[in-house]
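Trainee: Sequence:
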Amino acid sequence: MRKPMTIADHQASRFIVDPLRLFDCALESDGGGAVIVTSAERARDFPKRPVAILGMGQHHPHFSLMDAPSLTTLGGNKSSKLAYEMAGLSPKDMNFAEIYDCFTITTMITLEDYGFCKKGEGKDFVKNGRIEVGGELPVNTHGGLLSQAHIEGMLHVTEAVKQLRGDAVEPERQVKNAKAGIVSGHGGSLCMHATLILGAL
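First residue of the sequence shown: 383, per my numbering; consecutive thereafter.
Hints were generated in silico from the structure; no laboratory data involved. Small disclaimer: the values here were computed from a predicted structure and weren't measured. In this text, a Cβ means the ideal position worked out from N, Cα and C, and glycines have one as well. You may find that some hints are simply not true.
Below 30 Å or equal to it, Euclidean Cα-Cα: the simulated DSS-like pairs (lysine-lysine) are [claimed, not checked]:
hint, residue 1, residue 2
1, 500, 430
2, 460, 385
3, 561, 501
4, 558, 505
5, 460, 505
6, 501, 463
7, 509, 430
8, 501, 430
9, 505, 544
10, 509, 474
11, 385, 463
Okay, the calculated beta carbon distance ranges per label pair [unchecked claim]:
hint, residue 1, residue 2, range
12, 386, 549, 20 to 28 Å
13, 464, 390, 13 to 21 Å
14, 397, 424, 37 to 45 Å
15, 505, 419, 32 to 40 Å
16, 389, 429, 27 to 35 Å
17, 429, 390, 40 to 48 Å
18, 409, 472, 33 to 41 Å
19, 403, 423, 22 to 30 Å
20, 505, 474, 14 to 22 Å
21, 571, 421, 29 to 37 Å
22, 467, 429, 31 to 39 Å
23, 514, 472, 37 to 45 Å
24, 452, 421, 16 to 24 Å
25, 552, 474, 22 to 30 Å
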């Protein structure tokens with residue numbers, strides 16, 4: 383997306399499959415991104431400020447989406463719990479979230495699974511600017527899969543690194559004083575979920 387979208391723009395788009403409209407579904411894209419993973423000692427010698435992996439977790443709730451025990455929990459509840467425990471942090475410590483948003487609904491489900499709101503409250507949590515830069519929890523500051531590019535989850539990771547370095551591409555997208563952020567990723571037909579918690583050094 384190259385310009386802001388209004389609710390009217392969204393509602394005017396065609397249905398792909400009810401209730402998902404065209405702008406609810408990420409368009410597969412070509413592209414790439416990369417990160418260097420090394421020890422903290424070696425990273426301090428690099429010209430760019432390093433970012434730490436504070437916590438991580440993964441969970442595989444099912445093999446096929448048809449076997450999923452629930453369509454309102456996608457594995458993020460368990461993977462985020464592992465990541466929070468490893469990092470010694472909680473949802474309230476996150477300054478931003480880069481959420482794998484292959485569909486609009488996966489963003490809300492993941493925010494619920496990650497403990498930012500209770501189950502069933504995701505639709506209200508995302509209202510009134512709460513997830514915009516400058517809001518309570520900026521989400522997908524780069525536009526995510528839906529508005530930047532669907533290059534799987536790599537650009538969520540690289541955006542989190544940029545945020546924690548204070549290097550957002552556009553200054554208006556920079557989360558002020560970002561110290562910790564959470565990144566989500568899905569694999570297969572939403573059959574695996576991975577969580578990273580990254581922190582500024």
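Trainee: Give a verdict on every hint.
Mentor: Hint by hint, here is what the structure shows:
1. Between residue 500 and residue 430, the direct Cα distance comes to roughly 38 Å. Violation of the 30 Å bound is thereby established for this hinted pair.
2. A distance of roughly 36 Å separates the Cα atoms of residue 460 and residue 385; the hinted pair therefore is violated under the 30 Å criterion.
3. Of the pairs offered as hints, the one joining residue 561 and residue 501 holds, with about 27 Å between alpha carbons and a cut-off of 30 Å not exceeded.
4. With a C-alpha separation of about 25 Å, the suggested pairing of residue 558 with residue 505 holds against the 30 Å cut-off.
5. Using a Cα cut-off of 30 Å, the hinted pair residue 460 and residue 505 holds, with the two alpha carbons roughly 21 Å apart.
6. Taking the CA atoms of residue 501 and residue 463, the gap is near 15 Å; set against the 30 Å cutoff, the hint holds.
7. For the hint linking residue 509 to residue 430, the alpha-carbon distance of about 35 Å lies beyond 30 Å, and the restraint is violated.
8. Distance check on the hinted pair: residue 501 and residue 430 sit about 39 Å apart at the alpha-carbon level, beyond 30 Å; violated.
9. A distance of roughly 28 Å separates the Cα atoms of residue 505 and residue 544; the hinted pair therefore holds under the 30 Å criterion.
10. For the proposed pair residue 509 and residue 474, the alpha carbon gap of about 18 Å is at most 30 Å, so the pair holds.
11. Between residue 385 and residue 463 the alpha-carbon distance is near 36 Å, which puts this suggested pair outside the 30 Å criterion.
12. Residue 386 and residue 549 have their C-beta atoms about 23 Å apart, which keeps the hinted 20 to 28 Å range intact.
13. Against the hinted window of 13 to 21 Å, the Cβ-Cβ separation of residue 464 and residue 390 comes to about 41 Å, which falls outside the hint.
14. Between residue 397 and residue 424 the CB atoms are about 51 Å apart, so this pair departs from the stated range of 37 to 45 Å.
15. Checked against the hint of 32 to 40 Å, the pair residue 505 and residue 419 passes, with Cβ atoms roughly 36 Å apart.
16. At about 44 Å, the CB distance of residue 389 to residue 429 disagrees with the hint of 27 to 35 Å.
17. Look at residue 429 against residue 390: about 46 Å separates their beta carbons, and that is inside 40 to 48 Å.
18. Look at residue 409 against residue 472: about 34 Å separates their beta carbons, and that is inside 33 to 41 Å.
19. Remark: the range hint 22 to 30 Å for residue 403 to residue 423 is contradicted by a beta-carbon distance near 49 Å.
20. Against the hinted window of 14 to 22 Å, the Cβ-Cβ separation of residue 505 and residue 474 comes to about 21 Å, which satisfies the hint.
21. A hinted range of 29 to 37 Å holds for the C-beta pair residue 571 and residue 421, which are about 36 Å apart.
22. Remark: the range hint 31 to 39 Å for residue 467 to residue 429 is upheld by a beta-carbon distance near 33 Å.
23. The hint said 37 to 45 Å for the Cβ distance between residue 514 and residue 472, and at roughly 22 Å that hint is violated.
24. Taking 16 to 24 Å as the suggested C-beta distance range, the pair residue 452 and residue 421 does not conform, at roughly 39 Å.
25. At about 27 Å, the beta-carbon gap between residue 552 and residue 474 stays in the expected band of 22 to 30 Å.
When the structure is compared with the earlier hints, violations turn up for hints 1, 2, 7, 8, 11, 13, 14, 16, 19, 23 and 24 and for no others.
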